[in-house]
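> Spelled out from the first residue to the last, the chains are:
Number of protein chains: 2
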Amino acid sequence: MTRFFVAPEELRPDFLVLTGENARHAKVLRLKNGEQVLVCDGQGRECLCTVSDVSDGMISLVVHKSMESQSEARVDVSVYMAFSKGDKLEHVIQKATELGAYEIVAFPTARCVSRPDEKSLKKKLERWQKIAASAAEQSGRGRVPEVLVLDSYSKALDRASQTDKGILFYENEEAVTLQMSLSTGTWRSVSLITGPEGGLEPYEVEKAREKGIEVCTLGKRILRCETAPLCALSAVMYHAGEF
Amino acid sequence: MTRFFVAPEELRPDFLVLTGENARHAKVLRLKNGEQVLVCDGQGRECLCTVSDVSDGMISLVVHKSMESQSEARVDVSVYMAFSKGDKLEHVIQKATELGAYEIVAFPTARCVSRPDEKSLKKKLERWQKIAASAAEQSGRGRVPEVLVLDSYSKALDRASQTDKGILFYENEEAVTLQMSLSTGTWRSVSLITGPEGGLEPYEVEKAREKGIEVCTLGKRILRCETAPLCALSAVMYHAGEF
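Chains as they are written, first to last, in my numbering: chain A, 1 to 243; chain B, 1 to 243.
Check each hint, because a few of them may be wrong.
Because identical chains share one entry, a pair is satisfied inside a single copy or across any pair of copies.
[Stated by the list, open to error] Restricting the straight-line Cα-Cα distance to at most 25 Å, the calculated cross-link-like pairs of lysine-lysine (BS3-like) are:
# : residue 1 : residue 2
1 : K220      : K122
2 : K65       : K124
3 : K119      : K88
4 : K85       : K122
5 : K27       : K155
Quick caveat, the hints were computed from the structure, so don't treat them as lab data.
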């Protein structure tokens, strides 16, 4: 079923009107009177609606049912990914959204080659949020994950350590697996931290430990910086019983 | 440590010579006498060597230790992916290799838009195998997964059903999760089958069931055709205790 996102204040219990980008999209899809669509507030609530009128730039809908989204994960997984070169962050934002991430957080580390300045970051962040919105729509999510940028590694650690479980992946860690780390309890919120192309500095890994973040391996094979977060996220979702 | 792949017959117990592409690569890396490297036969055996001579187009190595590769997965996972548009198969080949796939098998299904002809397929297959070799090298694998092309969906099912466990992912399956499917035993070899952009036809799903292949969900969110195989592969590796 086609899915539209509107601002939370636009979601009403009786009838709805789609305008702007949504109306343009509806036109492309050639929506007709009587067709059913889902309208989501991007924060986990959605309405099952029927098209009642199609006019230029405006689609009217009758609301049948208002409900909690059924497609959100039972665990809130925050994906913390260091700035990386090229379009790797865009790739991860798209895929992590499909895979059900709660939010995606980008931050700098010592070995980051890519360090966008404030001006380009503002533009990028807008673009990243659009990628998340479009992936949320395509994958049938009821919530658009927020994309955040933090200006230091320390802030990333502080924020990640506020979730129930914080995990950092390090290629030199051999003893502690993600499976061991997750099997010690049940978690409502998990943060997964991965480094840039060149990896993390040993002192950065220590800093994470000091903040109570567990350091884990992702196995014997070296994963690229854009593969590691998606592999970890898939595993956490699997562990949480999502599939 | 730098890793070179040679043909199995070139792997010797005492000394080795790198030529051609390997020698060029060694020159780019500015390998010097006394440096240690790993030489793999791409089939799971590797030698720890020291550079003993660097000359134009030829690197001589002394072999110290010959061993089974330590970085191969305990479970052989075959990734069966339907032909898809653009460079999605290339993407999956690269990532699946990093994630430890045993082999990657491409095949047509009813709704495949992309159907490369025999001539272009030959070229593509060469390219795909190169992508796998390069990803195996980068991720530190001791084995280069083979990339195969089958000319029908039936052949893909027949081949996949020969592994210990064959699983097909279908977006309309709701009851059986991958977790349920994997928890019924331990598996030495697993095949994971995913469809093209437009999904599989219901009769294709039935055909898989008839061949003893289990039909599973990958969760409540619709994954793109290039995301699904990598998500499933990550989960199987996690389940098998790889990380």
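> Determine for every hint whether it applies to the structure shown.
Hint by hint, here is what the structure shows:
1. Proximity of K220 and K122 under a CA criterion of 25 Å is satisfied in neither setting, with 37 Å inside one chain copy and 32 Å between copies.
2. Proximity of K65 to K124 under the C-alpha cut-off of 25 Å is found in neither arrangement, the shortest distances being 36 Å within a copy and 49 Å between copies.
3. In the homo-oligomer, the alpha carbons of K119 and K88 lie at most 25 Å apart inside one protomer (20 Å), although the nearest pairing across protomers, at 32 Å, exceeds that limit.
4. Within a single copy, K85 and K122 get their C-alpha atoms as close as 17 Å, which meets the 25 Å cut-off; across copies the closest is 32 Å, which misses it.
5. When the C-alpha separation of K27 and K155 is checked against a cutoff of 25 Å, the pair qualifies neither within a copy, at 44 Å, nor between copies, at 42 Å.
Figure legend: structure checked against the earlier numbered hints; hints not met, in rising order: 1, 2, 5.
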